[in-house]
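Peer 1: Chains A and B are the protein sequences, given in the same order. Our numbering numbers the first residue of the first sequence as 1 and each following residue consecutively. Our numbering numbers the first residue of the second sequence as 1 and each following residue consecutively.
Simulated from the structure, these hints should not be mistaken for laboratory data. This structure is a prediction, so every number in the text was calculated from the model and none was measured. Be aware that a few hints might be false.
In silico SDA-like cross-links for lysine to any residue, where the CA-CA straight-line distance does not exceed 25 Å [said to hold, decoys possible]: (1) B:K228 - A:Y71; (2) B:K472 - A:W19; (3) B:K237 - A:Q79; (4) B:K473 - B:E437; (5) B:K453 - B:P343; (6) B:K183 - A:G33; (7) B:K183 - A:Q57; (8) B:K228 - A:Q93; (9) B:K536 - B:E123; (10) B:K237 - A:L99; (11) B:K226 - B:P208; (12) B:K179 - A:E46; (13) B:K254 - A:W19; (14) A:K238 - A:L258; (15) B:K390 - B:G369; (16) B:K314 - A:T155; (17) B:K237 - A:Q93; (18) B:K453 - A:V15; (19) B:K473 - A:F13; (20) B:K132 - B:T196; (21) B:K433 - A:F154; (22) B:K183 - A:Y71; (23) B:K472 - B:E547; (24) B:K179 - A:Y71; (25) B:K226 - A:Q79; (26) B:K233 - B:A256; (27) B:K314 - A:F163; (28) B:K233 - A:Q93; (29) B:K226 - A:Q93; (30) B:K433 - A:R34; (31) B:K536 - B:T378; (32) A:K63 - B:K233.
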Amino acid sequence: MLIVISMVTFGIFFVVPQWAGSTPEALASRYVGRAATPETVHLVAERLGFNDPIVVQYGRFLKGIFVGAEYDYGAGVEQCPAPCLGYSFISGQPVWPDLLDRMPVTFSLAIGAALLWVVFGVSVGVLSALRRGSFFDRLSMGTALAGVSLPIFFTGMVSLVVFSYGLGWTPPGGAWTDLTENPAQWAYNLLLPWITLAFLFAATYARLTRAGMLETMGEDYIRTARAKGLREREVVVKHGLRAALTPILTLFGIDFGLLIGGAILTETTYTLPGLGQFAILAIRNQDLPQVMGVVLFAAGFVVVASFVVDLLYAVVDPRVRLS
Amino acid sequence: MKRKSALAAAATAALALVLSACGGGGGGTTQPAQSASGAAAQPVANAALTEVFNPSTKKGGTLKAAHSADWDSLDPGDTYYGYSFNFGRFYWRTLTMYKPGPGPDGNTVIPDLAESLGEPSDEGKTWTYKIKPGLKYEDGTPIGAKDVAYAVARTFDKETFPHGPSYLNELLDWPKDFKGVYKTPDVDYKSAVEATDDTTVVFHLKKPFASMDYIVQMPMTAPVPKDKDTGAKYREKIISSGPYKFETNEIGKKFALVRNDQWDPATDPNRPALPDRIEVQLNVNADDLDNQLISGDIHLDIPGTGLQPAALGKVLPDPALKARTDNPTIPRLWYISVIPDNPPLDNVDCRKAVMYAADRVANQTAYGGEVAGGEIATNVMPPPIVGQEKFDTYPSEGNKGDTTKAKEALTACGQPNGFSTTMTFRADRPREKALAEAMEQALSKVGIKLTLKGFPASSYFSDYAGNTAYVKKNGIGLATHGWGSDWPDGYGFMQAIVDSRTIRDAGNYNLSVKSDKVDGLIDQASGELDTTARNKLWVDVDKAVMEDASLLPVVWAKALLLRGQGVTNVAYNEGQSMYDYIMLGVE
Chain A
1 MLIVISMVTF
11 GIFFVVPQWA
21 GSTPEALASR
31 YVGRAATPET
41 VHLVAERLGF
51 NDPIVVQYGR
61 FLKGIFVGAE
71 YDYGAGVEQC
81 PAPCLGYSFI
91 SGQPVWPDLL
101 DRMPVTFSLA
111 IGAALLWVVF
121 GVSVGVLSAL
131 RRGSFFDRLS
141 MGTALAGVSL
151 PIFFTGMVSL
161 VVFSYGLGWT
171 PPGGAWTDLT
181 ENPAQWAYNL
191 LLPWITLAFL
201 FAATYARLTR
211 AGMLETMGED
221 YIRTARAKGL
231 REREVVVKHG
241 LRAALTPILT
251 LFGIDFGLLI
261 GGAILTETTY
271 TLPGLGQFAI
281 LAIRNQDLPQ
291 VMGVVLFAAG
301 FVVVASFVVD
311 LLYAVVDPRV
321 RLS
Chain B
1 MKRKSALAAA
11 ATAALALVLS
21 ACGGGGGGTT
31 QPAQSASGAA
41 AQPVANAALT
51 EVFNPSTKKG
61 GTLKAAHSAD
71 WDSLDPGDTY
81 YGYSFNFGRF
91 YWRTLTMYKP
101 GPGPDGNTVI
111 PDLAESLGEP
121 SDEGKTWTYK
131 IKPGLKYEDG
141 TPIGAKDVAY
151 AVARTFDKET
161 FPHGPSYLNE
171 LLDWPKDFKG
181 VYKTPDVDYK
191 SAVEATDDTT
201 VVFHLKKPFA
211 SMDYIVQMPM
221 TAPVPKDKDT
231 GAKYREKIIS
241 SGPYKFETNE
251 IGKKFALVRN
261 DQWDPATDPN
271 RPALPDRIEV
281 QLNVNADDLD
291 NQLISGDIHL
301 DIPGTGLQPA
311 ALGKVLPDPA
321 LKARTDNPTI
331 PRLWYISVIP
341 DNPPLDNVDC
351 RKAVMYAADR
361 VANQTAYGGE
371 VAGGEIATNV
381 MPPPIVGQEK
391 FDTYPSEGNK
401 GDTTKAKEAL
411 TACGQPNGFS
421 TTMTFRADRP
431 REKALAEAME
441 QALSKVGIKL
451 TLKGFPASSY
461 FSDYAGNTAY
471 VKKNGIGLAT
481 HGWGSDWPDG
491 YGFMQAIVDS
501 RTIRDAGNYN
511 LSVKSDKVDG
521 LIDQASGELD
531 TTARNKLWVD
541 VDKAVMEDAS
551 LLPVVWAKAL
561 LLRGQGVTNV
571 AYNEGQSMYD
581 YIMLGVE
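Based on the provided sequences and hints, a complete structural model is requested.
Peer 2: Given below as structure tokens:
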């Protein structure tokens, strides 16, 4: 699947523009300074290999991943060991170390936010289902609707203006401290992005949990459990919630995998130097090696997350067992 | 039970974080400044245009800056943005520089590394610069003329340094077999640039050129030690020749400068070097950057092109914030290329019809009006360009367009009922879209029908409006463009956008001005050593372009700049077209 994704991404950048009549020089002119001479554009086209057939260019990319590549920086040649995702067309920096360097930011953001949205989303969903039609149910589902509806670049900017620049409770955009450097500062800096991101996702999880719980709590086996004299908490958590968790787990796997691939809007809004910001800059600069790198990275995480979720099905749902 | 415990623990942790944030107040993080002005000068709008606002000689503190994108390169040989030329003077020195400070004096070139301005000889084909004694790099090694010559020679290799200006590649008399200092290290390049002794740098040009002092204020002449040069990787570890050196440099994220103790202020009267430390954060959300500038979390917006539309709505109605603004006319022109590649625009009278039919007021409004957009442009060169003259070849009452003369021009070109053509614009730039719509409306009054096509900015020049084949094949008649000067004289502003010999396959800012008369005048002007005569020739170039009707000026751009809170020594420098960064200090 990753090979297919890499071919599609490569094609979007190289084949489609050529269909539209673009030449190697036209492609190269994106990566030179303003008013560059034709000689400069030609040299850059040569350097970036745009004059080679597409198959050769794609083969070079794949070769870099499996056996590494070399980068000529003028004053010498640098070895890029496998998996080498190439060098940025703009900055000349290798892509792979940059991705690894940015991963802790995105992981920190995703894990913290996921914790919040699962705890609050599922809890609110369960309570809403148990108190269907109550004021709490209406209020929480109304809030959830707002969470789903409001885009993060709006809630993010509003939260910064209110809590950072207005009240001064949270740091300004761009604040980032490594967990190993200062854990308290790490959490403080990420608090607002966590809450904003969790607000968006918790809404979906609350609504999904509520719907699932309403369905499962009406099942015969719930009535049987109650008839056996089990405590209500046990009935709700062990029999009701457990069954309702399966679709939530599926969604969580996809959401979390996508988020690890880059929480683009959140990282852009809060200027967090993670994979999402990396992705948006790569696209804005049309920096193909960076785009390829981050796309493959993100796709890889979605695959891994989906696999982990499949394994977790067996734990959550007794009807699913690995043979 | 285990899962329940985990959920409970997670909920407790989340709650604790929320509570600590509410009560803790920041765990050491700086709070947004409520008022950092203290006893500072009272803010007044446009105060930094003609004098230094909040003057101070106090040293110390950290100047915090942010940039909404990434630097093209921090390497002085590979960068081509105005903000980079301005900011780079913290860590590099060049042969000459713009005089620091406000007002028109900022257009004056003064010596920096050099003892005096260049000495032309051989009718302007040879330029000699003597550099000052006692100059040192950050590691204490001396800076000599050979370092400047080497720095210039290394930038010749555009495969390694594709971003920087190409002026010296074009102007100097390079040996035919020279491919750059890395590919042909044994080739002697003294036919182009040489160090004749420890302090003398000599440039040899292919033809007379008068603006050399402007060219050598560009960072290509910032010295680079040959033994520390790492080619394209030099941007990661730059050896400073200025008052600051790199402490950290995380490419694409942030960097910090600290004092360079080897810099001798006795050799450099132009840099007050007030802050102890300078921090720059990159790729900051542009709207958030403005918010941080307003609140005082940062002191400086690096690109220096002005506030974003979202912040304009907040700043302009607020008297306190507006008092912190400066609204200069900058040496930038927003314009429309009227491309003669396809009929009927290959006929000059049809192009003149476009000139007369355009509603300049509507075009200015599309660009954001007088304050945020700019002044209505009647000719090519903007007012800040030295020697500029304002004239109007296509006048109309109230600048609203002259439909009578437009129809006469249409009749003269054999299209009395008008014609159809296509206009391109950058789709992700709302002002350009509005401009295209204003043109569509104005031109329709005389029967010229425009089909509007928007394209992404990132490939606008490479694939569409700057691509010769695309323009010809798709019948593009009009295209929105913008250009800012490399230095404030006629050559620095106009050569790149009106000289037909610069046109290439793709990436063009000019596909419309293709006039032998204009090209001839450019050659005359660029070789004229007498300043007055040279300035007049550039005005003649401007007039010839307007008579050719292949470029419709829209506005001479204005920027709405916001002075950071707690910043001292703020002055808008005309040479830099932004605040003079090397003057800044913090309270």
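Peer 1: Indicate, hint by hint, whether the structure satisfies it.
Peer 2: For each hint, the structure was consulted:
no., hint, result
1, B:K228 - A:Y71, "holds, 19 Å"
2, B:K472 - A:W19, "holds, 17 Å"
3, B:K237 - A:Q79, "holds, 19 Å"
4, B:K473 - B:E437, "holds, 23 Å"
5, B:K453 - B:P343, "holds, 19 Å"
6, B:K183 - A:G33, "holds, 21 Å"
7, B:K183 - A:Q57, "holds, 24 Å"
8, B:K228 - A:Q93, "holds, 19 Å"
9, B:K536 - B:E123, "holds, 19 Å"
10, B:K237 - A:L99, "holds, 21 Å"
11, B:K226 - B:P208, "violated, 30 Å"
12, B:K179 - A:E46, "holds, 14 Å"
13, B:K254 - A:W19, "violated, 39 Å"
14, A:K238 - A:L258, "violated, 29 Å"
15, B:K390 - B:G369, "holds, 20 Å"
16, B:K314 - A:T155, "holds, 18 Å"
17, B:K237 - A:Q93, "holds, 13 Å"
18, B:K453 - A:V15, "holds, 22 Å"
19, B:K473 - A:F13, "holds, 22 Å"
20, B:K132 - B:T196, "holds, 15 Å"
21, B:K433 - A:F154, "holds, 24 Å"
22, B:K183 - A:Y71, "holds, 15 Å"
23, B:K472 - B:E547, "holds, 23 Å"
24, B:K179 - A:Y71, "holds, 19 Å"
25, B:K226 - A:Q79, "holds, 23 Å"
26, B:K233 - B:A256, "holds, 18 Å"
27, B:K314 - A:F163, "holds, 18 Å"
28, B:K233 - A:Q93, "holds, 8 Å"
29, B:K226 - A:Q93, "holds, 22 Å"
30, B:K433 - A:R34, "holds, 22 Å"
31, B:K536 - B:T378, "holds, 17 Å"
32, A:K63 - B:K233, "holds, 24 Å"
Of the numbered hints given earlier, the model fails hints 11, 13 and 14; all others are met.
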